[in-house]
Amino acid sequence: MINTILRFILMAVMSMSVGLLFMGIGRKFTARIHRRYGAPFYQSFIDVIKLFSKQSISHNWIMDFGVLMGLAGILATVMFLPVGPFNVFGHMQGNMIIIIYFMTIGYLGMAMGVAASGNPNATIGIARALTLMLGYEVPFVITVVLLIFINSSSNLSVMVASQAGGFMRWNMIQYPFAFLAGMMALQGMLGEQPFDVMIAPAEIASGPMVELSGKLMGSAFLQHAAQIFLETGIIVNMFMGGAPNIWIFFLKQLAVYLVTLAVAAIFPRYRFEDAVKFFWQAPTALALIQLILFLI
Amino acid sequence: MLLTSSKDLKDKGLDVVLDFFRKKSLWMLHYCTGCGAIELPPTMTSRWDMERFGMGPMATPRQADLLLITGYLSVKSLKRVIYTYEQMPEPKWLIAFGSCPINGGIYYDSYSVINRLAEYLPVDLSIEGCMPRPEAIIDGFTKLMKSIDKGEAVGYKRYRENYEWYKKNQAEVLERTSPVLKEEVADETK
Numbered sequence: 292m293i294n295t296i297l298r299f300i301l302m303a304v305m306s307m308s309v310g311l312l313f314m315g316i317g318r319k320f321t322a323r324i325h326r327r328y329g330a331p332f333y334q335s336f337i338d339v340i341k342l343f344s345k346q347s348i349s350h351n352w353i354m355d356f357g358v359l360m361g362l363a364g365i366l367a368t369v370m371f372l373p374v375g376p377f378n379v380f381g382h383m384q385g386n387m388i389i390i391i392y393f394m395t396i397g398y399l400g401m402a403m404g405v406a407a408s409g410n411p412n413a414t415i416g417i418a419r420a421l422t423l424m425l426g427y428e429v430p431f432v433i434t435v436v437l438l439i440f441i442n443s444s445s446n447l448s449v450m451v452a453s454q455a456g457g458f459m460r461w462n463m464i465q466y467p468f469a470f471l472a473g474m475m476a477l478q479g480m481l482g483e484q485p486f487d488v489m490i491a492p493a494e495i496a497s498g499p500m501v502e503l504s505g506k507l508m509g510s511a512f513l514q515h516a517a518q519i520f521l522e523t524g525i526i527v528n529m530f531m532g533g534a535p536n537i538w539i540f541f542l543k544q545l546a547v548y549l550v551t552l553a554v555a556a557i558f559p560r561y562r563f564e565d566a567v568k569f570f571w572q573a574p575t576a577l578a579l580i581q582l583i584l585f586l587i
Numbered sequence: 311m312l313l314t315s316s317k318d319l320k321d322k323g324l325d326v327v328l329d330f331f332r333k334k335s336l337w338m339l340h341y342c343t344g345c346g347a348i349e350l351p352p353t354m355t356s357r358w359d360m361e362r363f364g365m366g367p368m369a370t371p372r373q374a375d376l377l378l379i380t381g382y383l384s385v386k387s388l389k390r391v392i393y394t395y396e397q398m399p400e401p402k403w404l405i406a407f408g409s410c411p412i413n414g415g416i417y418y419d420s421y422s423v424i425n426r427l428a429e430y431l432p433v434d435l436s437i438e439g440c441m442p443r444p445e446a447i448i449d450g451f452t453k454l455m456k457s458i459d460k461g462e463a464v465g466y467k468r469y470r471e472n473y474e475w476y477k478k479n480q481a482e483v484l485e486r487t488s489p490v491l492k493e494e495v496a497d498e499t500k
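From first to last, the protein sequence lines are chains A and B.
For any residue, its number in our numbering is found by taking its place in the first sequence, counting from 1, and adding 291.
For any residue, its number in our numbering is found by taking its place in the second sequence, counting from 1, and adding 310.
Some hints could be false.
What the hints assert, rightly or not - List of simulated lysine to aspartate or glutamate pairs, EDC-like, C-alpha gap at most 20 Å:
hint : chain 1 : residue 1 : chain 2 : residue 2
1    : A       : Lys506    : B       : Glu396
2    : B       : Lys456    : B       : Glu445
3    : B       : Lys478    : B       : Glu429
4    : A       : Lys506    : B       : Glu400
5    : B       : Lys320    : B       : Glu445
6    : B       : Lys322    : B       : Glu429
7    : B       : Lys477    : B       : Glu396
8    : B       : Lys386    : B       : Asp419
9    : A       : Lys506    : B       : Asp325
Said to hold, decoys possible - FRET-style restraints, in silico, Cβ to Cβ:
hint : chain 1 : residue 1 : chain 2 : residue 2 : range
10   : A       : Leu421    : B       : Arg357    : 22 to 30 Å
11   : A       : Ile391    : B       : Cys440    : 52 to 60 Å
12   : B       : Ile392    : A       : Leu425    : 39 to 47 Å
Note that these hints are calculated values from the structure, not bench results.
From the three backbone atoms N, C-alpha and C, an ideal C-beta is built for every residue, glycine too.
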């Protein structure tokens with residue numbers, strides 16, 4: 292019991308701090324693509340400490356509650372992610388169905404919080420985020436169903452075990468079309484360009500974050516950090532064979548995250564209906580092709 | 311009484327530690343009505359790269375620490391700047407950009423432009439020039455960071471302490487924008 296609680300706390304701290312580190316490295320990476328020097332890799336930690344030291348303006352308790360629920364929803368999902376050999380719950384090693392189900396809570400919490408702020412830009416932003424979700428969930432769920440089919444199990448650790456035995460056994464090589472669909476869905480989940488419709492700073496003034504100040508903004512930052520950790524972690528477990536220890540797992544996650552940032556650095560933004568249309572066409576088609584190839 | 315000396319308002323206690331993080335992560339909101347706005351894109355992008363100081367543009371006053379007034383302020387836009395400044399969460403800083411907010415610049419005798427921004431809002435730092443080049447802007451930012459580190463950039467506290475004095479000055483100049491509207495309304499009721 293005590294062990295589970297300790298692992299619980301360790302996982303929460305680890306997901307947020309590794310996510311922040313990835314954000315910092317990602318900013319440096321994007322800066323180098325722009326041929327800039329860029330912020331130091333620990334910049335995100337400084338930002339979060341500064342945000343928590345600032346005055347925060349809250350309009351009502353639902354706004355506070357919603358933002359906290361967003362962070363808690365993502366942290367609750369992270370608990371089911373197997374990080375290499377590290378599992379929070381010994382007997383429930385990364386059930387994909389629970390993960391997909393819980394991932395929504397983060398977004399819904401955020402939606403409740405920012406809708407309570409009463410700013411129209413925030414409402415537009417969160418409406419776009421939830422619409423985009425309809426888009427990327429389709430190819431992502433088809434991919435997940437395919438992997439559940441193959442392994443006759445929805446546990447991520449079973450999927451990882453099936454890929455043991457070298458690089459050529461990874462699902463990334465075995466099922467390349469599904470991997471591509473998964474990477475495109477990841478781009479949408481992380482809200483990177485070309486799918487950053489919900490943030491859109493020049494258009495709807497950073498969307499959901501528009502009214503968040505101080506500690507609320509800090510919580511949103513931590514939520515995004517944990518989200519990066521969770522979503523890259525799912526891709527690593529599903530397609531890149533997990534990892535023998537947590538450090539290799541982090542390295543693989545970082546590689547996946549940097550690929551999404553490299554794509555983000557060279558693309559402008561889709562309009563949100565075009566983004567949804569794209570998700571229902573290209574990645575969905577790729578995932579279906581893989582499903583048909585597997586069934587034949 | 312007008313409290314202007316920074317010594318009385320200097321940061322103490324935990325703020326001294328937190329000032330280190332605050333100076334390293336200044337998020338700015340630029341109020342771009344004047345011509346200074348055109349100097350900011352090169353400062354932000356590859357050539358002069360402001361992000362290496364941890365600075366970056368933000369979309370709304372709620373998220374920002376630093377308000378840039380880039381150039382002249384007409385009386386009507388002053389009202390919006392005051393709203394914007396008061397919406398920002400503390401601690402917050404304000405930089406006046408170019409000669410216009412310092413002494414009116416080339417608009418010193420205009421009927422619709424204010425001459426000295428420091429009378430209406432607490433200016434932490436002024437960057438002179440018409441317009442200042444990116445080098446001068448970055449020099450100004452590093453000076454602001456130094457004074458934040460020493461705990462001397464306390465404009466927001468000065469605003470809080472001398473709120474009535476600032477409000478009186480603001481009311482005097484904002485009065486000039488209202489009569490036109492009042493007369494029109496009065497005519498319609500006749």
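Outcome of the hint check:
With a C-alpha separation of about 18 Å, the suggested pairing of Lys506/A with Glu396/B holds against the 20 Å cut-off. Only pairs whose Cα atoms come within 20 Å are accepted, and Lys456/B paired with Glu445/B is accepted, the gap being roughly 17 Å. For the hint linking Lys478/B to Glu429/B, the alpha-carbon distance of about 10 Å falls within 20 Å, and the restraint holds. Distance check on the hinted pair: Lys506/A and Glu400/B sit about 12 Å apart at the alpha-carbon level, within 20 Å; holds.
Pair hint Lys320/B plus Glu445/B does not hold up; C-alpha atoms about 29 Å apart against a cutoff of 20 Å. For the given pair, Lys322/B sits about 27 Å from Glu429/B by alpha-carbon distance, which is inconsistent with the 20 Å threshold. The straight-line distance between the Cα atoms of Lys477/B and Glu396/B is roughly 12 Å, inside the 20 Å bound, and the hint therefore holds. With a CA separation close to 16 Å, the supplied pair Lys386/B and Asp419/B stays within the 20 Å bound.
Distance hint between Lys506/A and Asp325/B is fulfilled; the C-alpha atoms sit about 16 Å from each other, no more than 20 Å. Between Leu421/A and Arg357/B the CB atoms are about 39 Å apart, so this pair departs from the stated range of 22 to 30 Å. Checked against the hint of 52 to 60 Å, the pair Ile391/A and Cys440/B passes, with Cβ atoms roughly 58 Å apart. For Ile392/B and Leu425/A, the Cβ-Cβ distance of about 42 Å falls inside the hinted range of 39 to 47 Å, so the restraint holds.
Going through the hint list in order, the structure does not satisfy hints 5, 6 and 10.
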